[in-house]
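Protein chains: 2
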Amino acid sequence: MEIITLNRKVLEKNDETAQSIREMLRTRKILTINMMSAPGSGKTSIIEKTVENMSGSSVAVITGDVQTANDAERLTACGIPVVQLITCGACHLDSTMIQGALDKLDLTAVDVLFIENIGNLICPAGFDLGENLRVIVLSTAEGTDKPLKYPAMFEKADAVVINKIDLLENVNFSLEEAKRFIHELNPAVPVFEISCTSEKGIEQWCAWLLKNLKKYPVLA
Amino acid sequence: MEIITLNRKVLEKNDETAQSIREMLRTRKILTINMMSAPGSGKTSIIEKTVENMSGSSVAVITGDVQTANDAERLTACGIPVVQLITCGACHLDSTMIQGALDKLDLTAVDVLFIENIGNLICPAGFDLGENLRVIVLSTAEGTDKPLKYPAMFEKADAVVINKIDLLENVNFSLEEAKRFIHELNPAVPVFEISCTSEKGIEQWCAWLLKNLKKYPVLA
Chain A
1 MEIITLNRKV LEKNDETAQS IREMLRTRKI LTINMMSAPG SGKTSIIEKT VENMSGSSVA
61 VITGDVQTAN DAERLTACGI PVVQLITCGA CHLDSTMIQG ALDKLDLTAV DVLFIENIGN
121 LICPAGFDLG ENLRVIVLST AEGTDKPLKY PAMFEKADAV VINKIDLLEN VNFSLEEAKR
181 FIHELNPAVP VFEISCTSEK GIEQWCAWLL KNLKKYPVLA
Chain B
1 MEIITLNRKV LEKNDETAQS IREMLRTRKI LTINMMSAPG SGKTSIIEKT VENMSGSSVA
61 VITGDVQTAN DAERLTACGI PVVQLITCGA CHLDSTMIQG ALDKLDLTAV DVLFIENIGN
121 LICPAGFDLG ENLRVIVLST AEGTDKPLKY PAMFEKADAV VINKIDLLEN VNFSLEEAKR
181 FIHELNPAVP VFEISCTSEK GIEQWCAWLL KNLKKYPVLA
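Those protein sequences? They're chains A and B, same order as listed.
Counting in the numbering used here, the first sequence runs from 1 upward without gaps.
Counting in the numbering used here, the second sequence runs from 1 upward without gaps.
Since the hints were made in silico from the structure, they are not lab data.
It cannot be assumed that every hint is accurate.
Given that identical chains are not distinguished, each listed pair holds provided it fits within a single copy or across any two copies.
To be verified - Within a straight-line C-alpha distance of at most 25 Å, the following computed DMTMM-like cross-link-like pairs (lysine to aspartate or glutamate) qualify:
1. 200 to 169
2. 215 to 111
3. 200 to 166
4. 179 to 73
Just need the whole structure built from these sequences, with the hints factored in.
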């Protein structure tokens, strides 16, 4: 009971900061995407491929990890402006961390801001970061039942990306069943089937982002 | 600051309960293994294969999930006594939950108790469940850098299982590098390379469990 009370206070403060971040980003016309997934689902690779395929838009990234700046180094090598948040054990990003990262980013020419959350299918679900869109990444190697096991993530998603479809012949994963589970939780959510290795599906995913970028700031 | 204080209190209470669970299990000569991993690394499959290959020992399982009893159903279908804990959103198991599950298990003939933790590479690391051994499972599909990104899990492991080695030709994963990262964090930890599909490495993993079962209760 004590914990629940504290969590409520923490969440209220988080939501206030998130709302002020969202308003600031709206004023600057920056579309912001909170990407969440289990560890190793391929969030960084998807952002790399997205930047390659959206050359008309300027992308920046805030990436969170418990330890290491590996993801930031990969993204910087692709010429992407990036701030790495190292949480030293914390299991999710919160809006105060995002506020701190935004202070370090030059937002002048940015059209799209990706927030690459900590690899965790549970805790990040409860924390609004001021984003416009929540995207959940699921890798085919993780198994078909993940939407059922981690429903909070999938219920609130604006899009689901099923990554590593190049592994479909080698893993026990049913695309049809996974999509059925996802749509039972979130009936209208778009699901993109992609591979960062073969680049299959990347075009459709980027087209969806561009469509959202065009209708923003009406969106939020 | 407030949060840290509360976490300390929670952890102290957790550790007390864990200690009393460990003593009870020691009296009954039950070797207890806390299995932790990211979502979809294959914990349930490993337990299934372990039971098949350790016919001389009696195994029971406490399995934790945020939602669904899928894992318990799979294990029950293999004839394994199992209690499913559904945490309804909580991101890790704690010792009070284990105490509740133990009250529902007939421990009379049990030699080995697996606790299959929530799929999460961060939060479960801080919670002693009264186990004797902590085993971390890493799937080759998750990428080589996971030990560096989630060091708390790997630092405290008594063994690391690298699962899905049948996918090595299809994923970007280096066994040598992964083992180097693991041993930088935890120099003497045994690492088992296995596949539940081809059954490669299962024998060595089971031999290690049997060795630990024989030296228990000296172990804890």
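Here is what the structure says about each hint:
no., hint, result
1, 200 to 169, "both (15 Å within a copy, 19 Å between copies)"
2, 215 to 111, "within (13 Å within a copy, 61 Å between copies)"
3, 200 to 166, "both (9 Å within a copy, 23 Å between copies)"
4, 179 to 73, "between (33 Å within a copy, 22 Å between copies)"
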